[in-house]
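**Q** Now for the letters of each chain:
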Amino acid sequence: MRLAKYVKFREEKFGGVLFETRSEKVFTLNPVATAVVREIVAGHAAPEIVRRLTERFRDPDHAIQKEAEAFIAELRAKGLAED
Amino acid sequence: MDSALKTPAASPPIPGKTPAATESGDLGAPLYVAWQITNECNLACLHCIEESGPGKAFRDELTRDQVFAVLEQMLEQEVPYMSFSGGEPMVHPLFFEMVDYVCARGAELKIETNGHYLTPENCARMKALGVKAVQVSLDGASAATFNRMRVRGNFDVAVEGVRNLRAAGVPIEVNFSPTKFNVHEIGACVDMAWELGAYSFYSGRTMYTGNAVKAWRHVAPSEEQYVVFFDALRAKTDEYRGRMRVYFHEMGLLEELRYRLHHPAALLIVLPNGLVKLINALPFVCGDLRKESLADIWANFQRAWQDPRVAKFVEDLAHDPRKTAALHQWVYL
Chain R
1 MRLAKYVKFR
11 EEKFGGVLFE
21 TRSEKVFTLN
31 PVATAVVREI
41 VAGHAAPEIV
51 RRLTERFRDP
61 DHAIQKEAEA
71 FIAELRAKGL
81 AED
Chain E
84 MDSALKTPAA
94 SPPIPGKTPA
104 ATESGDLGAP
114 LYVAWQITNE
124 CNLACLHCIE
134 ESGPGKAFRD
144 ELTRDQVFAV
154 LEQMLEQEVP
164 YMSFSGGEPM
174 VHPLFFEMVD
184 YVCARGAELK
194 IETNGHYLTP
204 ENCARMKALG
214 VKAVQVSLDG
224 ASAATFNRMR
234 VRGNFDVAVE
244 GVRNLRAAGV
254 PIEVNFSPTK
264 FNVHEIGACV
274 DMAWELGAYS
284 FYSGRTMYTG
294 NAVKAWRHVA
304 PSEEQYVVFF
314 DALRAKTDEY
324 RGRMRVYFHE
334 MGLLEELRYR
344 LHHPAALLIV
354 LPNGLVKLIN
364 ALPFVCGDLR
374 KESLADIWAN
384 FQRAWQDPRV
394 AKFVEDLAHD
404 PRKTAALHQW
414 VYL
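Going line by line, the protein sequences match chains R and E.
If you count by the numbering used here, then the first sequence holds residues 1 to 83, one letter each, in order.
If you count by the numbering used here, then the second sequence holds residues 84 to 416, one letter each, in order.
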């Protein structure tokens, strides 16, 4: 995956921000969302991103997996990231 | 866990020059820096809030070394979005070097221009460098209104400049400042922006400051005119939905400033001499990039909004709207 052309990402103490500079909308990210975007910036594919996150963090009830998958779907739906 | 993705905290519409609606308090750096890189301008527009014009460059505008030191700080702090305005930014001798410096480092950059230097060569150069968008001021759909407002300006040259942007493939935004003698053309101007290839159209209220103070009785639209004006913009917003974003700021200045007292935008306004303002519509300065770091100024920006002098100025505006005439008498916080 990759961020859409006009989308900028910056890490913050609370997580991060995505700034869609064409529509000029800012989205604040919690730590899980920030971790997902970090993986997108690194160029990983969606299934790989979810796998990498669930390997890195304990996720016995699959909460992180579900949240990461939902977030990736939302990024696609909003046009903030693409495959 | 909190929702992963959310839009900024609920906020009313904000003017075109403050796109970063996110509240700034928790951020490590601004999300947007609007830099008036020079006060020099080839035009002398009746309504210019900066009092720009020929020979109006500040005597202490940043030197070459200072310009690039400031840019370097912004890029190090990962400011994702900047705009260069003026004055007329394209008359700045370092304009293309500055554009190259920002774009090559991956930040998004918008140019706000009067359109008179948008030659095919300059447009191609901006495209090659990766400028995000060029915003051109088109305050009218005819030479009669445009040339009256933009003293020394030429409607045909500005329109040709926009056409050159389109030919070069540079994304286009159009800005419209209302006056009593051009508001009736707002619908035609939105249509013209679309025909010229713009993807965004901005407008709002003309401010009582800068050159507009002297020309107020010639430029200020009446409230009745504003009602019709904003109705037309609402209709155009619907008409162009999904094709071109029509974005306008109907809120009065006082309402906006009262909101900003509690919700400062993630935006810094940088003047040609490196002073940093809280917001364009207030006289308060919260730092000097010639002497202080961007990080220190950003921290002071948060504190400065809490300064009682700021709240008092805003509330005084309720009784005396003409206080905005003094915006260029800077107050250091």
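Where hints are given, some of them may not hold.
What the hints assert, rightly or not - Simulated pairs of lysine to aspartate or glutamate, EDC-like, Cα-Cα distance not exceeding 20 Å:
id, chain 1, residue 1, chain 2, residue 2
1, E, K374, E, E159
2, R, K5, R, E74
3, E, K263, E, E333
4, R, K13, E, D379
5, E, K374, E, E155
6, R, K8, E, E155
7, R, K25, E, E333
8, E, K374, E, D109
9, R, K8, E, E159
10, E, K297, E, D379
11, R, K25, E, E155
12, R, K8, R, E74
13, R, K8, E, D183
14, R, K13, E, D183
15, R, K13, E, D403
16, R, K13, E, E159
17, E, K210, E, E180
18, R, K25, E, E180
19, R, K8, E, E161
20, R, K8, R, D83
21, R, K5, E, D183
22, R, K5, E, E161
Quick caveat, the hints were computed from the structure, so don't treat them as lab data.
Computed from a predicted model, the values in this text were never measured in an experiment.
**Q** If a hint holds in the structure, say so; if it does not, say that too.
**A** So, going through the hints one by one against the coordinates:
no.	hint	in the structure
1	E:K374 with E:E159	holds (17 Å)
2	R:K5 with R:E74	holds (17 Å)
3	E:K263 with E:E333	holds (16 Å)
4	R:K13 with E:D379	holds (17 Å)
5	E:K374 with E:E155	holds (15 Å)
6	R:K8 with E:E155	holds (18 Å)
7	R:K25 with E:E333	holds (19 Å)
8	E:K374 with E:D109	violated (24 Å)
9	R:K8 with E:E159	holds (14 Å)
10	E:K297 with E:D379	violated (37 Å)
11	R:K25 with E:E155	violated (25 Å)
12	R:K8 with R:E74	holds (16 Å)
13	R:K8 with E:D183	holds (18 Å)
14	R:K13 with E:D183	violated (30 Å)
15	R:K13 with E:D403	violated (41 Å)
16	R:K13 with E:E159	holds (17 Å)
17	E:K210 with E:E180	holds (14 Å)
18	R:K25 with E:E180	violated (28 Å)
19	R:K8 with E:E161	holds (10 Å)
20	R:K8 with R:D83	holds (17 Å)
21	R:K5 with E:D183	holds (18 Å)
22	R:K5 with E:E161	holds (17 Å)
In this structure, the hints that do not hold are numbers 8, 10, 11, 14, 15 and 18, in rising order.
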